[in-house]
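For the record, the sequence lines run as chains A and B. Numbered by the working numbering, the letters in the first sequence go through residues 1 to 466 in order. Numbered by the working numbering, the letters in the second sequence go through residues 1001 to 1466 in order.
Simulated from the structure, these hints should not be mistaken for lab results. Fair warning: there could be bad hints in the mix.
[Unchecked claim] Reference listing, derived: stretches of chain A covered by chain B, where coverage requires no fewer than 3 residues with Cβ under 8 Å from a Cβ of chain B:
id, segment
1, 95 to 101
2, 243 to 249
3, 291 to 297
4, 334 to 340
5, 375 to 388
6, 445 to 452
Note that the coordinates shown come from a computational prediction; the quantities given were computed from them, not determined experimentally. Glycine is no exception: its CB is placed at the ideal position from the N, C-alpha and C atoms.
Protein chains: 2
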Amino acid sequence: MPNAQIEQVLATLDAARAETEASLLAWLRIPSISAQSAHAPDCRAAATWVGEQLAELGFEVGLRETPTHPVVIATHPGPQGADVPHVLIYGHYDVQPPEPLELWTSPPFEPTIVEGPHGRRVVARGAVDDKGQCLTWLAALRAWNTVAGGPPVRLTIVVEGEEEVGSPNLDAVLQAEKDFLKADVALISDTGMWEFGVPALTVSLRGMVYVQIDLRLGARDLHSGLFGGSAGNSLNVLTKLLGELKDEDGRIQIPGFYDGVIEPGANQRAAWDALGFDEAAFLGSQGLSVPSGEKGRSAPERMWARPTADINGIWGGYMGEGSKTVIACEGHAKLSCRLVPGQEPAKIIEGIRQFVKARIPADASFELQVFASTPGLSVPTESPFLDAARAVLAEEFGKPVVLSGGGGSIPVVESLKRILGLDSLLMGFGLHDDQVHSPNEKFELACLHSGARSHARLLARLGGKG
Amino acid sequence: MPNAQIEQVLATLDAARAETEASLLAWLRIPSISAQSAHAPDCRAAATWVGEQLAELGFEVGLRETPTHPVVIATHPGPQGADVPHVLIYGHYDVQPPEPLELWTSPPFEPTIVEGPHGRRVVARGAVDDKGQCLTWLAALRAWNTVAGGPPVRLTIVVEGEEEVGSPNLDAVLQAEKDFLKADVALISDTGMWEFGVPALTVSLRGMVYVQIDLRLGARDLHSGLFGGSAGNSLNVLTKLLGELKDEDGRIQIPGFYDGVIEPGANQRAAWDALGFDEAAFLGSQGLSVPSGEKGRSAPERMWARPTADINGIWGGYMGEGSKTVIACEGHAKLSCRLVPGQEPAKIIEGIRQFVKARIPADASFELQVFASTPGLSVPTESPFLDAARAVLAEEFGKPVVLSGGGGSIPVVESLKRILGLDSLLMGFGLHDDQVHSPNEKFELACLHSGARSHARLLARLGGKG
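Whenever a hint applies, use it, and build me the whole structure from the sequences.
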């Protein structure tokens, strides 16, 4: 009675909610900030934590070392002798830096349960991105283990610790483990639902180039009275060049920036329009009202199919209390561009170099540090795996599934395709207002539990047991 | 034998060099940073130090309290019954913040004597601005006290502790002490020589407006992938508007910025040209080669007679190690404009407000904090006091005196004129490469001692004794 079994698994999941929440809170207490080297030991602790969870469920678990944070790789043969698909599940245990700390209503690494319009939610850095989402499949695996002694499919699980810094070492690991990581499909829970109660599968993702510009002008800081009017000012130069990133229509001015960008077809535009995306409400929830990005394009297009250029940080000169009349000799900025299919990251980086070089005086110099370089991509919409995911999500939520684009970047999706030949199923349970990468990041516990149920159903379906 | 007496005073000064240097070092060890409230006790200590020095020399000394740092006021009747002029000497005991600390070759508040091309120099924050320059008249007064039991003129001395933050409270004190501070001329040592060995008197000064722009866009920081292309970015907005401060010719675009600015006459231009100012060398000593400021104007004109707009500091978003893909909701910048006679500070501040307002989206807001607001001014070149200063400087240095403009701002000069009706003699001994307001600020001890001798001579001349 296969259906009896999935009902049993779902009942077990529902009975284990408190346990599932407690596991998530324990993981969230580990400040595994991959960008900050001081937190390397915490990253390792977070890796060990998930490894132990999987070992308890009968997985064979190993840590693959990298120059910074280790990758957890775990495997389970699935049901003895059965001819079942081999699923590779990917997640990441690292989180973004929590700064600015003063804006958090509770400490970022002391997860706190609060009541919201959708019921209980957990507030913490990593609540949804990606520890909470990992718990959705981890809880499903635990329930399957309780009911059936293991998962209904063959599984390989990869949990890395560098996703938030552009996965600099993951490709090498995938390359080295290429044969060992053979599978039929990849399953990733790091994206969002359409809205609360309405499931979505993400079928396109933007890539990213992330650089730091370190500008230098002159040998030392100078007195703005003695030198003002003669000496150049690195901050005037830096703001002038960054101020020219976009024209009045929001078109990005980096040389060759739009080369290769594919314009969406009429069908695609029609599908986006059909979604009836409410940008006013989307921005309103963030205290905004004026859409940014290119003029004359819909919000879904701007967020899913068009590249961006955002200054993520800037600093230089006197940043302290009061006034200091200084002409600073150094200015710094962090700049990231979300990329779409067709753009080549290496060309964009070179374009940024040219853009800066063309806008600084002859006595200025600059360095470009590259923190991320990954192309945009789309996943096939004609696939039995995608069909299975659509079916189980519709079952779980009682609503049709939205095939949406994703504005964010999940570099691993491109790596899995390029290195292992795997297409990815992007089935996630976040919401727009989860404040990912911001203070007070949260995850709705309702999303955690329906996400776990969805994964339990998907595994059953793929294993021919649901 | 008046001349015998000044020779005696000069000999006494020369014999007391070690003592003079020791006094300066002691004062420099007090980190009297007026911009940083944590250093309020140090400011008071620096005030007390100079007060005690003056009390030792027979001055009647008092501290006038302000909301932040006290003003030292000291008086000496001068020679009994003699009909001598009444000179008001102004100085300031506060210093600029020393940041960035890592660029100092020795700790900013552990004054260090090193050898340079002009002999021994002292390296410390405040070495020349203004503690070292104050020591030039303080040493002269001490020598006069040793030789003649007191100064040859009637003296009032005002040493404030808020010059580096725009003297927000000095006017109130001058107002309150108006009658008590009556004098014939003001003497200020806070400017520079033309070059080492060539004395200068400063006859014009730029004013200053210093503001902080605090820009806000949206309720919180956002994920650049989920929101990029729809949400506005405070740092893109801030850099764009600051980047538009100047046009391609260096003309400042703040509304009404040049209203009232007086164009220099042909004679003035001729006099500047005659100075043969070597801008290439001036900039070269700072690792620069490309002149900034308005096109088609000489360096002396740009630095002494034209207003500026320099970004003194900027910050926002993620400034830490590595990458964080955030769209920041807050950006901050410190902006200062050097003003020339004819410009009204209040109108410039209003112009900056309009400039920003016109360049931010409807859902952005900003606040303007004003840290300084003082007009530019010039001092009369037809005056017996100026003649006396020219004569003694020529005597001391054996070179004709350059009447130069000053790029910096000394707000008190305008206050002394407006409130007390006093013209100022700006006789200073700094050099272009003293790195005022920068790391490794220094003062040439040769300048300290010749400055002290010049003050001793000036007092003699004004008192009819030299």
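Hints, one by one, checked against the model:
Only residues whose C-beta sits within less than 8 Å of a C-beta in chain B count toward coverage, and the segment 95 to 101 of chain A has 4 of them, enough to reach three; the restraint holds. Coverage of the segment 243 to 249 of chain A by chain B holds in this model, with 4 residues showing a Cβ closer than 8 Å to a Cβ of that chain against a need of three. Beta-carbon proximity to chain B at under 8 Å applies to 4 residues in the segment 291 to 297 of chain A; the threshold of 3 is reached and the given coverage holds. Only when three residues or more bring their CB closer than 8 Å to a CB of chain B does the claim for the segment 334 to 340 of chain A stand; here the count is 3, and the claim holds.
Remark: the segment 375 to 388 of chain A is not confirmed as covered by chain B, as 0 of its residues place a Cβ nearer than 8 Å to a Cβ of that chain, below the required three. With a threshold of 8 Å between beta carbons, the proposed coverage of the segment 445 to 452 of chain A by chain B is violated, since 0 of its residues qualify and at least three are required.
The earlier numbered hints that this structure contradicts are 5, 6.
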